[in-house]
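Protein chains: 2
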Amino acid sequence: MTNCNCCDKIVYAFEEGDASMRNLLGGKGANLAEMTKLGFPVPPGFTIPTTMCVEYYKLGKKMRDGLMDEVKKHMEALEKKMNKGFGCAENPLLVSVRSGARISMPGMMDTILNLGLNAETVKGLAKLTNNERFAYDAYRRFIHMFSDVVLELPKRNFENILAEHKEKAGVKEDSKLTAEQLQEVVKDYKAYVLKETGKDFPEDVMEQLRLAIEAVFRSWNTPRAVVYRNKEKISHDLGTAVNVQCMVFGNMGDDSATGVAFTRNASTGENVLTGDVLFNAQGEDVVAGVRTPLPLEALKDRDPEAFEQFKDIAAKLEKHYRDVQDMEFTVEKNRLFMLQTRNAKRTALAAVNIAVDLCNEGLITKEEAVCRVTPAQIDMLLHPYFTPEAKAKAVNDGAMIAKGTAASPGAGCGMVVFEAEDAVAMKKEGKEIVLVRPETSPDDASGMAVAEGILTSTGGPTSHAALVARGWGIPCVVGCEAIKVDLSSKTFHVGSKVFKEGDYISIDGATGEVFEGKISRVYPDELIPAAKQILEWADEVKEIGVRANADNPKDARRARALGAKGIGLCRTEHMFMETDRLPIVQKMIMVAGEAEAGKRVLDRLEKQLAETEESKADEVKEKIEAQKKKMESAWNTYMETLGKLLPVQRGDFEGILEAMQGYWVIIRLLDPPLHEFLPDMEETLTKVVELKTKKQFKELSKEEVAELADKEALLEKLRSMHEANPMLGLRVCRLGIVFPEIYKMQARAIFEAACTLKKKGVDVKPEVMIPGVGIVGEMKINREMVDEVAKKVMEEQGVTVDYKVGTMVELPRATVVADKLAEYAQFFSFGTNDLTQTTFGYSRDDVAKTFVPVYIEKGLLKVDPFHQLDREGVGGLMKNAVKIGREANPDLEVGICGEHGGEPTSVEFCHLLGLNYVSCSPYRVPIARLAAAQAKVNNKK
Amino acid sequence: MTNCNCCDKIVYAFEEGDASMRNLLGGKGANLAEMTKLGFPVPPGFTIPTTMCVEYYKLGKKMRDGLMDEVKKHMEALEKKMNKGFGCAENPLLVSVRSGARISMPGMMDTILNLGLNAETVKGLAKLTNNERFAYDAYRRFIHMFSDVVLELPKRNFENILAEHKEKAGVKEDSKLTAEQLQEVVKDYKAYVLKETGKDFPEDVMEQLRLAIEAVFRSWNTPRAVVYRNKEKISHDLGTAVNVQCMVFGNMGDDSATGVAFTRNASTGENVLTGDVLFNAQGEDVVAGVRTPLPLEALKDRDPEAFEQFKDIAAKLEKHYRDVQDMEFTVEKNRLFMLQTRNAKRTALAAVNIAVDLCNEGLITKEEAVCRVTPAQIDMLLHPYFTPEAKAKAVNDGAMIAKGTAASPGAGCGMVVFEAEDAVAMKKEGKEIVLVRPETSPDDASGMAVAEGILTSTGGPTSHAALVARGWGIPCVVGCEAIKVDLSSKTFHVGSKVFKEGDYISIDGATGEVFEGKISRVYPDELIPAAKQILEWADEVKEIGVRANADNPKDARRARALGAKGIGLCRTEHMFMETDRLPIVQKMIMVAGEAEAGKRVLDRLEKQLAETEESKADEVKEKIEAQKKKMESAWNTYMETLGKLLPVQRGDFEGILEAMQGYWVIIRLLDPPLHEFLPDMEETLTKVVELKTKKQFKELSKEEVAELADKEALLEKLRSMHEANPMLGLRVCRLGIVFPEIYKMQARAIFEAACTLKKKGVDVKPEVMIPGVGIVGEMKINREMVDEVAKKVMEEQGVTVDYKVGTMVELPRATVVADKLAEYAQFFSFGTNDLTQTTFGYSRDDVAKTFVPVYIEKGLLKVDPFHQLDREGVGGLMKNAVKIGREANPDLEVGICGEHGGEPTSVEFCHLLGLNYVSCSPYRVPIARLAAAQAKVNNKK
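Going line by line, the protein sequences match chains A and B. Going from the first sequence to this note's numbering is simple: count from 1 and add 97. Going from the second sequence to this note's numbering is simple: count from 1 and add 97.
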């Protein structure tokens, strides 16, 4: 077995590798090699490649013969380069031994520093650093680290020994121990090692090195590492490389220093080299924060030559890696060493600014620029957020009281309130409020609209609360089961802690965390210019269109401002829910069933009349008259209520069509079961039983008698409309078949609105969407109905409007018969919320509280399929629908309007399917635009 | 245009056609031609083919030139054959003119008899028949019929003229009018015709014929006929033929007769020529029932020669048509004429007997024999049925009070009862009862089991009542909305009629009819031998296996007796519902959630422990102990209840496996949401509110206080388990993931039962079915669980049992990922009830009362997809699953266990899909066997 395919090299000096050799040298080794190759002053070293680790396991945890010989040759080369000796008492060469796998496994494997120290070399180090205490402290640490990692002795016992010595010396901190005291510690450490292992702590430095290399090989298979790889689906066969690198010391006097720096400001993105430096210090000191570092400029003053060299290197590195670098360096006796460079982590703000700058500087292309910002970062720029300091403080203070499901990102903070009307009242008084409820319903809409945040104890990421909150960009945490809400007393409790109306809480809708008290927030006004620039570039790159789901003109305008080019879903049911209309809607529903059933009887009779011979016609005619009389009252009320709804709906549609002028606007006809508009059954039942029971003991007042009669009638209606599984019931286009007059009224409202605007010169483009089609007849009948109404209205108004009629593909059956639907549908819009429900057989409203969390914990599901589109199952059905639908109708427009339309990996899938557009909540439009562009770039052939 | 492709014939004498020329000559014409060709004495005649009718319309309702010339030639040929003259006063030739389309349209088109009568020929007829009254009556009738059909004058006016004459003569019945009086009628008829049409009634017989032929052509397009063709999807382009045939008279004296006969007894199937005869009578007299006919034997006595000739012809016809014939004949002056023959309609009993006999006689093959019996006929032989006389009487008496949905065939009759316990009590007293409820639930099972019939006011053909009733073979009518059930007063009313407990009603589960009072029933003991024979032949012919859905040993034995070869679905939830177990099950459910959630926390901690370094292990260990203590109580109760359920479940499985020994038995692990086993939420809420309200007015008793606390706790539990859409909730294999201990208990019970039996020498073949799998992980985890339990139990018991583990494919997603499921599943069983629910997005329990009836009325659905498998949508998904599943696992066994498994067209589809078996209710097993054989025969290439 050889280490590579072309030669039998088994150890690589840094000069011999480069960044492309990551598989062989691991990430760290390849990176160090790259910097070395670029001519930057990297402390010399070499890498034992991953293949040696693999071989180690193949040989039954034995090193390959000759490996240590090769390592020794490389150590000799290092001695020459550094002019030091490994194990040399006067001028000792010390090295670090670090793991480095192909794929980064942060913190999973071990590192040993200062290897090469022993009873002799520690003295040399003391002399060289002119700091005996430092040398023995380093030696003590090395023994501790080596014993832990290599000899696998319990760390605790070393800590105990150290603690004894501190007690003896009467000090509390390690740093107060003197050099002499540390020598005693070392002595005890060594005695303990001898006692435990039966062997002296290795004095032979080559032996130390061999053991350390082997320990790194072993660390590949610690339980922690195995679990991590299982979780991240990293192959267990890759093995780790081992990097052996000369130690350099920033603590060799005032001509030495250590520091970290960024080629640009990682918080703001400003193009300034920025960083921290500590003189006469080691890297660890910077990380540990025991001493306060100086700004990088201090180096310029104290060692201008090193500074200029570093500045030059930093610039070159940024250019080389074509991204902002996060670098570590050490100056040892005025000599600069680069210890590490990597792409810098950055804030959302910095990310967009840097991406735009780098592109404008010509360092990266527009395509690369749009890939340098994550959708989550764009999202963060849109929502108020807690300042990191304030949140860290809250966490430290133990203010976090619970964690639920992150449902709508952003930071919410305000006074607890439980009822919508209280929320509205408090808002009027200028208070900021967080609405807390077991769950929300359309009744709560007014309270939700004014809330800084919404918190529910039940429901999942697609519950009513979550959907509305995302739609309105309000931070929201749902399914937070730890909080127990008691609406009657207007309190909630978490464990024994009770919160009442007016108490402050803060919620993080991006993480699901709930805090007691206030946490400071920062509000972005609008997207910053750089973010807008990135999104413009994204628009240039992406293939798939982005529309918004919006139900009113305000949302439509907001969506347009955020870059939506059209409406993918305008729901009409929210319009029905508005307070002033609901009573009319309820009155309409109470008679609709009777009226339409009566109409069907009438239609049957009229058909019968047409087929009846003359002699018997009179009999049928009589029946028709009787039927007309019988249904007169219900039918008149039905027509009257629909007549009242027509102008308000027309107004709704005018507003939206005008706000989106020039773009297509998909309006969905009524979708939810009608009983959703009526009062709750359980409440009604409770009232009825209360009054009936009361009646047994006390005469009811006149008002109560009337109320009982009303509620009993309502209860009977509710019972007759009750469905065991409303999601699978009388809803979607089934309403249009059973209650055609409602759909006709809506169609008329759409075309009257469109014609009115057209006459005013507005460029209107309505698309009428028939929801929940499963059989071709539903599409055909509804298409004909819409065409008929459209024709009639346009004739009345004397103007012609371009329009389309299509369907929401949200049932598995629709995907199977998509070819036939496409004969009548001019567009498909995938309703992936419902399609996920029926494909999986999961009720969207129930899963969060029942089995999906368990499924995720047990690894059956990676994510909630209502959050991220299931490519395999739901996606498989979608793929078929797109294929056969477009084959049958090449002009078919296909989009998606489920919640998935604003989720990046789902947007990518839609791109791969070749959809025409995705549609999502206004606040997710920028995310979708970016995700669409990234999908294009990442899937280039 | 020509009438056929090979010549320019435009009229066909009967001698020139045969049965194969149905498209050209129509059904009747082809049949008359065939009999003529066979040499049987058919009154001569000719057929004007359908093409002439088509041409008539093409020419704008005009006859083709020369058609009547050709007709005239054929009439001359008839005159020669009959030695009579058309329009000849002495010896007049009379003809009938009848329509006859390619596809029979019964009663849709018109017929004219005795054409050729006029003022002269009527006299000849009087002389020939020696009956002047008969002749004028015939003439009067002819004018009436001709005026109606050909001249399109209102019948009513002719009836009025006749009535006037009867009044004048002082008689009540037509037959009391004398010849002279009839002549007056004729006179007035003619005067009326002249007045209305401005023309004399045609005296020219050729003119009569021309007008009659044209009228038949026109009758093709009457509104009635058009509507009928639309409904039956018959093309409007086919046209009708016109048959012109010599009239013969059975009323020419005592040497004349008319009759109908069957080659075998059409009620019993007995192989005896049987029929009725009337001497000196016309066919109309037989049909009208004005005279009582004699048995056919009378002809043998009176005219042995004609009888022998007829007997011979009958035998030949049966042989020729290879089926029992229904014949009409006339003897005119000792000369026999055959007027019609057709395959005889027959009872279910006769159908099976005839099919077996014909096959045994070598007349038809076994394959043909199984196609001579319909699945509905087999079904009728299995259920008690009303005698036709008794039912007809009930209808005549106006006893039918309502009509609902036919849910389980058979005749049910008994006393009305509303509560299960009352039903059981009354049954014990020896009363036959019909259970009447708004709807049924598992609580009603005991009452349903003892009922002669079940009637519900709500629910569809797959509601609980319907499913259970079909499973048990109990007649059932559901969704009978006309009846209003009031459980509190134990009454129901239909309109103003009130029925109370103990009143008799009768229901027909095959038609949905509900009657007041008793109707006599006939009970079949078991399948009659001929039916068994047909089914044995069906088994030889069919390719697909037939299993039964059975939940207990009794049903399993019954199914086996009816020919089931295995169990396709043994539901385990009914076992949980049994009265003695339900309290244990309820106790188990009350703690299961807490116990399993606790276990998951424990598992997490134990996993954490494994990954924790030794120094911190103690902390985790402490947490583990605390968790164990915390969950101890719930866990112990959980284990204890499961421990009690284990032996009873084992007993259940032993019984079923033993009853089906030698065949595979699929046992489905627990499927329904757990809250189905708990009391109803609405009832609980009502009780709580009642007690709470009462408390405001009166101190509660100790018992009431306790009850309130109990019910409040229960209500809280019910609320926490409440799901918005339980069908899409925590059920099917999700139970096995969230509550693995329940599934483990069930698996253990199955394998303990199997091992116990195996040791006794019983050939057990259990198959464990995991319901509702949608993602591959569900199948994998559950397969591993079952294998593990199986292995353990077999080791404990020291015996090995063959078994399989598979899944119910009932979610769209399962069909998409069937290839992956097949890696872990050894069998698929399509659960088409649920698959239909999710594919269409229709809730099985709600559709009947909401939109499906409207859909069927409007033609969007041809049938309820829960009744007949939807081949296009659901079938499309199934097809894909079979294909990719078998590709991935060629040994995969695939069946169906939804209700569709016993529905004939669905069985055919399963045959076409190549499934291994269908499984259905025991009582539908014979139907499925027959349907499977017919599917094979009808789909032979």
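One thing to keep in mind: the hints can contain errors.
If several chains are the same, the list does not tell them apart, and a pair holds so long as it fits within one copy or across any two.
The calculated DSSO-like cross-link candidates involving lysine-lysine, where the alpha carbons are at most 30 Å apart (straight line), are [claimed, not checked]:
1. K178 - K265
2. K408 - K704
3. K273 - K651
4. K284 - K528
5. K587 - K413
6. K169 - K430
7. K955 - K696
8. K799 - K976
9. K662 - K917
10. K155 - K594
11. K726 - K684
These are computed hints drawn from the structure, not numbers from a lab.
Next on the checklist: If you test the structure against every hint from before, which numbers come out violated?
Outcome noted: The structure conflicts with hints 1, 2, 3, 4, 5, 8 and 10, although it agrees with all the remaining ones.
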